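Student: So the chains spell out like this:
Protein chains: 6
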Amino acid sequence: MSNTPTDPPILSHLDESGQVRMVDVSSKAPSQRTAIAEGLVRMSATAYKLLSAQQNAKGEVLNTARVAGVLAAKRCAELIPLCHGLPLSFVGIEFFPDDANHSIAVKTTCRTDYKTGVEMEAMMACSVAALTIYDMCKAADKGIVIEHIRLRYKSGGKSGEWHND
Amino acid sequence: MSNTPTDPPILSHLDESGQVRMVDVSSKAPSQRTAIAEGLVRMSATAYKLLSAQQNAKGEVLNTARVAGVLAAKRCAELIPLCHGLPLSFVGIEFFPDDANHSIAVKTTCRTDYKTGVEMEAMMACSVAALTIYDMCKAADKGIVIEHIRLRYKSGGKSGEWHND
Amino acid sequence: MSNTPTDPPILSHLDESGQVRMVDVSSKAPSQRTAIAEGLVRMSATAYKLLSAQQNAKGEVLNTARVAGVLAAKRCAELIPLCHGLPLSFVGIEFFPDDANHSIAVKTTCRTDYKTGVEMEAMMACSVAALTIYDMCKAADKGIVIEHIRLRYKSGGKSGEWHND
Amino acid sequence: MSNTPTDPPILSHLDESGQVRMVDVSSKAPSQRTAIAEGLVRMSATAYKLLSAQQNAKGEVLNTARVAGVLAAKRCAELIPLCHGLPLSFVGIEFFPDDANHSIAVKTTCRTDYKTGVEMEAMMACSVAALTIYDMCKAADKGIVIEHIRLRYKSGGKSGEWHND
Amino acid sequence: MSNTPTDPPILSHLDESGQVRMVDVSSKAPSQRTAIAEGLVRMSATAYKLLSAQQNAKGEVLNTARVAGVLAAKRCAELIPLCHGLPLSFVGIEFFPDDANHSIAVKTTCRTDYKTGVEMEAMMACSVAALTIYDMCKAADKGIVIEHIRLRYKSGGKSGEWHND
Amino acid sequence: MSNTPTDPPILSHLDESGQVRMVDVSSKAPSQRTAIAEGLVRMSATAYKLLSAQQNAKGEVLNTARVAGVLAAKRCAELIPLCHGLPLSFVGIEFFPDDANHSIAVKTTCRTDYKTGVEMEAMMACSVAALTIYDMCKAADKGIVIEHIRLRYKSGGKSGEWHND
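Residue numbers (the numbering used here), protein chains in the order written: chain A, 63 to 227; chain B, 63 to 227; chain C, 63 to 227; chain D, 63 to 227; chain E, 63 to 227; chain F, 63 to 227.
This is chain A alone, in the form it adopts within the complex (with noise of 0.2 Å):
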């Protein structure tokens, strides 16, 4: 990530002998940094019916989801190894329905002002909002999957702007 655009590119992660160390930010400067990760939660119709039947339901479930995902944003470093831990300014998480494909879109948001991206973070808050919304729904659908979780799109650093359409 510190590679400018004509390095070639590295798993930043290894040092020269090929063993894993946090990257050393000491010397890079803070900046304001926004990434956007997305994912799509597929269930079953039976299990995404009774998300509107059940009184309530779909509501006390994506507010749960929801904040699971900010939790999880704001741990991330506690779980992925060589993530530095930073301080968000904002974490937002947004689900979209789609009643014809029986799925549930997630976008997450995070932002911060610190010398490391959030890319981890709204990827993380991703992963979690969407596991939790299997937790909740498995009791009507085991089968339920977790697809295409990937960044959108990052702003911030030296790296600049990045979108992923």
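One should not assume that every hint holds.
Residues from chain A that face chain C, not an exhaustive set, calculated with beta carbons under 8 Å [unchecked claim]:
no., residue
1, G121
2, N125
3, V129
4, E209
5, S221
For the record, the hints were derived by calculation from the structure and aren't laboratory data. Only a predicted model underlies this, so the values are computations on that prediction, with no experimental measurement involved. Using N, Cα and C, we set each Cβ at its ideal position, and we do this for glycine too.
Since chain A is already given, all that's left is putting chains B, C, D, E and F on it; use the hints.
Tutor: Quick look at chains B, C, D, E and F alone, frame taken from chain A:
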């Protein structure tokens, strides 16, 4: 998960008034339980090649992801709000690199002899192992996608064996 | 808690030399145990009204507080130094809004079938649920007060049932 | 908390559609911030006397509660879903035993020089210190009550000084 | 740890292909298990004297270290990757100050009645208690050394009693 | 640590009344800070040989210990009661196996640009990396000893450079 095959499916984490609560497992008997989850990390050819080209890289990356996955399985109940804490008797994580498609399949197996299943632990271990691979390779490819996180198998408890092929 | 009714009360977390230690529960038998705790969040009329006036507000605030309370119950032993870690078989959190007094009563129920009681888990869940309500309403009223956190009921173990009316 | 004195109060943790999210503090300037919270642990005369009668008891109980409170302040953002993680520059916890009313007042002070306030950290430290006293004295009195957890003072940030007398 | 006395020793955390995994304890029977660990904190005469000279110092420092050690024992499986989470039935920490050598010996005892041993919990409690003493005395002596952290005793399980004298 | 060279040494974590509190760093300026800690894991010849004899063993064991050490550095403030949480800009862990003495030296380097030092983070990383080696080799030698955990170097802050040779 406590419904018998003939019960209509329900969202078991909501009570009669539609509000979230942990499922009460007080009266359930412990049994030997296993869950297996799978997922796929799909990256660019360039990033995939670095795993082989850089000295030692694949071993270090996969070991780190394995350790992260095992640790995440143990902390699953801290992250998934309505998940019961339980003593894991086994966590194993396997990786299957696919050179042709420059992807790595992740397969996680969890076991307990407690009153509730270990599906969420296996799904969490799989997600966090995949996210760790993403983190360690994202300097070479920010667009890595995590695909098809899903449960493959569970056994134990009242509902017995379940396969997802 | 291990004293019989005729023992003089003691501070069980201090050893003979007056120093803290976990109570040794090696020789205690597991039993079904329940604990119920209660507390009260009392806020200004203005803050209370916002919970009803802003679209969706009460549901989101209380669901968030419920999730926070359940998660805190599961992590009680990380926070209360001499508390035993134990597997919770149930955590439920109920809210009773009182329009006349613009307050919300919090009632938490925890269950285990382990060797020690779940009083602290119920008290912790109640406190953190109340603090979460405070956090989400403090923009409207910084002076919200959390009142009367206390144990209402416990059952199980050698000392059996106990009511606090 | 970001409203100026003339804004109508709002529940700042809900977005326009009424769903929870972290408040975005990206554009806020850091400032020296202090928060002071207070609460009261009220116990039976019998339990209170044990604190003085048993050798060393009061010191050990209060030191343990102090340590628990400091640790809880540091982990506040893990427990309160929409609370920002922040670096604490100070946490202090004082106890004021009141022999006449067999109660112990708890006063906690937190400081940061970050973009958001430390009210929740002070309230959390106060609650967990009080709960730890409860835990260590509950063998002598299960009916101990935690009273009047509330914010007493805050300074720093746009809203400046605030007293609650 | 599951090898009988005549098995050749192995590194039990590596599978047949030489990769890490948790040891599978599914088929092991629970038993009463104890582990005792010891270590030594050796400091300068100056630092050691402050513990006695400053009012209250030794009690506060050692109580704080004791609380830190107990809490660390409970979180051992979060820190040691392949360690099983287990319910601790007892954690006790003793300190033996040695005025002549200005050192403090740390002795920790852990107990469980689970399927795996509590050696790591005892070793972790000992290390973190020692590190806490270091932290609290380092203003007076940054060169404090933590010596001889080791297991002294274990009992329970298939391998039975083991002494390290 | 805030005393100038001519101040008499004090136990900075105790206030005037001899009770623990976090040191107030509100008025300290951030600076680039580094700390290096070292320790030694000494094992039997048999256990040490297994690290080389079993396929892949040394790499897997040391990578696992390295990951555990990095993660522990990031969570230091959760474990050491009066330690300030801070953003680590670097954590690196090196191992130096010594075939002649069948021991492994552990050297950890931590960096921050915050207001307090990273000594405790380096010491914690060193201890947990050593404990992880113990855990993974204890099936072959329960008597492994962790020796000489100590600070080797620190720089940054008012007290500047410090060497421990």
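Student: Hints first: check each against the structure and report whether it holds.
Tutor: To see whether the hints hold, each was checked on the structure:
no. : hint : result
1   : G121 : holds, 6 Å
2   : N125 : holds, 4 Å
3   : V129 : holds, 5 Å
4   : E209 : violated, 25 Å
5   : S221 : violated, 35 Å
Violated hints, in rising order: 4, 5; the structure is consistent with all others.
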